[in-house]
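Colleague: Here are the chains, one letter per residue:
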Amino acid sequence: MSFSLRSDNRLPQTRLAVVSYIIVGMIGLLLLGFWKLQVIDSDKYGQMAELNRVRSIPIIAPRGRMLDRDGRVLVDNRPSFSVLLLRDDPKLVQQYLPAISEGLGLSLDDLHDQLENTRNLPKFQPIVIKPEASSADLDFIESHRSDIPVLEMLSVSRRRYLPNGFLAHATGYVGEASEQQIEASNGKLRPGDVVGKAGLERQYNEILMGTDGMRRVIVNSIGKEVDRLSQQDPIPGKQIQLTIDMDLQQVAEESLGQRPGAVVALDPRTGEVLAMVSRPTPDPNDFAVRISAKEWKELNEDPLKPLLNRAIQAQLAPGSVFKIVTATGMLEDHQIPESFTTYCPGYATFFGRQYHCYVYYAKSGPHAHGATNLHDAILKSCDVFFYTVGMKMGIDRLSYYGDKLGLGHKTGIDLPSEESGLMPSEEWVQRVFHRKWYAGEAISVAIGQGAVTTTPLQLARLIGGIASGGVFKQPHMLKDAQNVATESFPLREHTVESITEAMYGVVNEPGGTGGRLKLTGVELSGKSGTAQVIGYDKMTLVKKGSKFADNAWFVGYAPRRNPEICVAVLVQESGQHGGEAAGPVVRDIVKAYYDKKNRKAGTGTVTAQQLTPAPAKALATAPVVALKPEDASEPRPASTGQDQDHP
Amino acid sequence: MRDAPGTRDYDWWLLAILAAICALGVIEIYSATHASNLAGMHIKQIKWLIFGFAIMFALSRVDYHLILDQALILYVVCLIALGAVLVLGGSHFGARRWIRLFGQDFQVSELAKLIIIIVVARFFAEVRSDELDLRDLLKACMLVGVPLALILKQPDLGTAMVLMPMLAVGAFLAGLKWQHAAVFMLAGILLVGAVFYPPVSKHILKPYQRERITSFLHPEEDAKGSGYQLLQSKIAVGSGGFWGKGFGNGSQNQLGYIPVRYSDFIMSAWAEEQGFKGVLLALGLYMALLLRLVQNAQRAKDRAGMFLVMGVAAALGFHVLVNVAMVIGAMPVTGIPLPLMSYGGSATLFVFMAIGLVMNVRLRRFVN
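Quick mapping for you: the protein sequence lines, in order, are chains A and B. Heads up: the first sequence begins at 10 in the working numbering, then just goes up one per residue. Heads up: the second sequence begins at 47 in the working numbering, then just goes up one per residue.
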């Protein structure tokens, strides 16, 4: 056997040569393959390799803080982490979704929804699947870096507002930019960006919002960051200093308590808003992360309308506070002599109809005011006097003065979505109801009922402006505001003196409707208002319930002439008289103002000034511009749009 | 009659080519692993190489005719060993391929490849006629078919496939008739077709094998599986460009995007860091190696020696083809390493033993 193996030496040389050629051909083909990849398509694969290893992670710029007038922090930020889902590879994402759902405690359906909603975004852009990551979540991500390579942590800063809705309606809140906002921003905003949605957050969004930075890092195949390529630092938002006085705000919040209503305190000399409260209030901290569609729906559908900033958006009958407008008109018009006196038997009859004075329904004491002049009529808020004056003046004159004193117009405060209220006129009924004005309607308007509606801010501006001789400063909340507008409607010295004398009397003379508000050493003046939600006549027909209880108003200021502070307070459906329900809030705030002022005068310099960090200097933006109200019907429930509401 | 060949009879060119390829492998294993927790792997590989060279020289000293005489015993031992692996072998990644010997895991199918080269060479050397008749062809197919089936059973598709070119090249050189060649080819095409045709492949392939086929055909549908591996390999190769990214600078390699970059995909790592010029060098060396083997076959003293050398050439050539084609995404992932460059003990030893057989034939070409 082995002999035959050794002896057989016939070799198939031709076939061996063929094998050589096959070898050369094979190597040649392989080289062609490499040539295609490494020379022809080299750029394409180079880019893919770059995409593989380089990951861009945004660095969120913190929003600017909001400080009060003394430099105390009203709104700042707190550090937090969001969980990002990297979506470069959809297959991979689908594969890990169940594990992610379990590990982070998110429902699978929710995750699917989020992916579906962001389907149109570029794939390289990660999405936030859990905005507020717990330390357990962070541990989960860190420990599963290698087996779940699609998760990343993003360090973010979240808005921190003071608790219990402190100043909540003025500051507003932030939320993820809506599609409309993104479209309108000319590429400045990207989906997921946090922007101001309401209040000052929205008004001064451009100042408060910084520019996000970007970190380009090299990641290995299991998603671990191994090196940093470049970093573009974020530009933090600028802080803004507000005119709000935290001490007064505190008093206002506490004094109004949980009663539905509003407080606004102004410095009529400058237009600075010192305090602003609206009740009920949501906690804007709830919006700082992400609000669920359900919670958002509940807030919007709450009959108490917690999202409404009543200080600038509640349009309600001003009641007797309007009598100051009627009185001012009467004195400026000269049609009715200043000495004009009516007799109030508790009611008056015009055009065959009886109009009652509120005193007619008084629980105790006389049911009539008797002979009443202007001073007494303001002091005691006699309706019959003003029915008569309104009747004599007519709607044209009333409307003229209401208009000149700022009713029916927005005050121009630097907050979005301010309402204008309504000062009815002949022209208005013609336009809206296509009918003629009934002379009797002026009678109701003269005492602030009927079609006339105002916001608390309008009333504070109006009363403060009249006491300042007809100089109306534009209300604003930004401390370094430029171009604060001044409206002038010069009133005769005698008019101002008479009216302020009467309003001083309201608080300080016996029989005044604000008699219990008297403060020693402070010339607190003002006017109460008790506005009917429905007419007195109908009131007797229905069972008295809070649903139809009166709105209580009090607008007070000090000192008597050229006031430093003017406070308007609305307590809705309290069932109490304006002087009783709203007056004490005004008194508390004015008292706090003077206490602080005296304390300052005593100690010389203010310590808070030294604590003040440098505020954002000379902001170019005029606070005068009110933003256009955002579209109320937003398709994405997670994004927050101001709910427009007209009570 | 000299029975002890001298050192000058060794194929020094072949040894030089071998050494060069091994050097490329060690360099790239170092580059791929030095910065990771696998650091030091190149030292292990060098140890395997030294061991391999020793075995190669040892094997070259024993007359190959003596080895061929023991073909039947070797064949039986081979079948028993393959059977033993199926019954006793350690399981890795769901496949029984390893058996523990002298405190080391050995992949028995590597040894089987070597034995089948010997058995096939012996079989064809005994064929008397210039043409291979059908009976002998079928016998040869049976001879290879039994161990092939056992290896497939492990399952190890890659190694099983390597047996086929050994048979094909052997049959071709033994005077395969063109009619039979046509039938052979047809059967091959049908087999490949069956593998790629899901309704049939689900009966003959394991799920993971079918997955690899699918991901080869549709890489985009396979996220992190073998489609991803092929894509990452192509990215590595392509991004290397003509000049390469430089030693230790391949991002795909260094950041771990290339799967098993020190072993099956080492060519991918090499191509990324050394570029097309490096590929030219590596494939040039492999071509030189294979052609040198053919030359040795042409100069063999007898048919038996020629078949032995060509069996080795067929096995190595197939390894190179399938591995490199996989690296450039032209073939599915099969788990076939690149001879002498890929890290691995059993595979390296197989190559050196095979080359030892070639040396053996070479040393005895003038011996009568």
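Please keep in mind that the hints were generated in silico from the structure rather than gathered at the bench. Hints are not guaranteed to be accurate.
Claimed, not checked - Dumping the calculated BS3-like pairs for lysine-lysine here, alpha-carbon to alpha-carbon at most 25 Å:
1) A:53 <-> B:252
2) B:323 <-> A:45
3) A:413 <-> A:401
4) A:419 <-> A:314
5) A:488 <-> A:247
6) A:100 <-> B:252
Claimed, not checked - Which bits of chain B does chain A cover? Going by a derived footprint, with three or more residues having C-beta under 8 Å, they are:
7) 276-289
8) 297-306
C-beta: ideal position from N, C-alpha, C; glycine also.
Colleague: Does each hint fit the structure? Answer for all of them.
Modeller: Each hint, compared with the structure:
1. The hinted pair formed by residue 53 of chain A and residue 252 of chain B fails the criterion: a straight-line CA distance of about 35 Å is larger than 25 Å.
2. Annotation: proposed proximity of residue 323 of chain B to residue 45 of chain A holds, straight-line Cα distance about 14 Å (limit 25 Å).
3. Under the criterion of a C-alpha separation no larger than 25 Å, the hint pairing residue 413 of chain A with residue 401 of chain A is consistent with the structure, at around 19 Å.
4. Taking the CA atoms of residue 419 of chain A and residue 314 of chain A, the gap is near 21 Å; set against the 25 Å cutoff, the hint holds.
5. Restraint check: the Cα-Cα separation between residue 488 of chain A and residue 247 of chain A comes to about 14 Å, which is no more than 25 Å; the hinted pair holds.
6. A distance of roughly 23 Å separates the Cα atoms of residue 100 of chain A and residue 252 of chain B; the hinted pair therefore holds under the 25 Å criterion.
7. With a cut-off of 8 Å between beta carbons, the region 276-289 of chain B has 10 residues touching chain A; three or more are needed, and the interface restraint holds.
8. With 5 residues bearing a CB less than 8 Å from a CB of chain A, the region 297-306 of chain B meets the requirement of three and the coverage assertion stands.
Comparing the model with each numbered hint stated earlier shows that hint 1 is the single one that does not hold.
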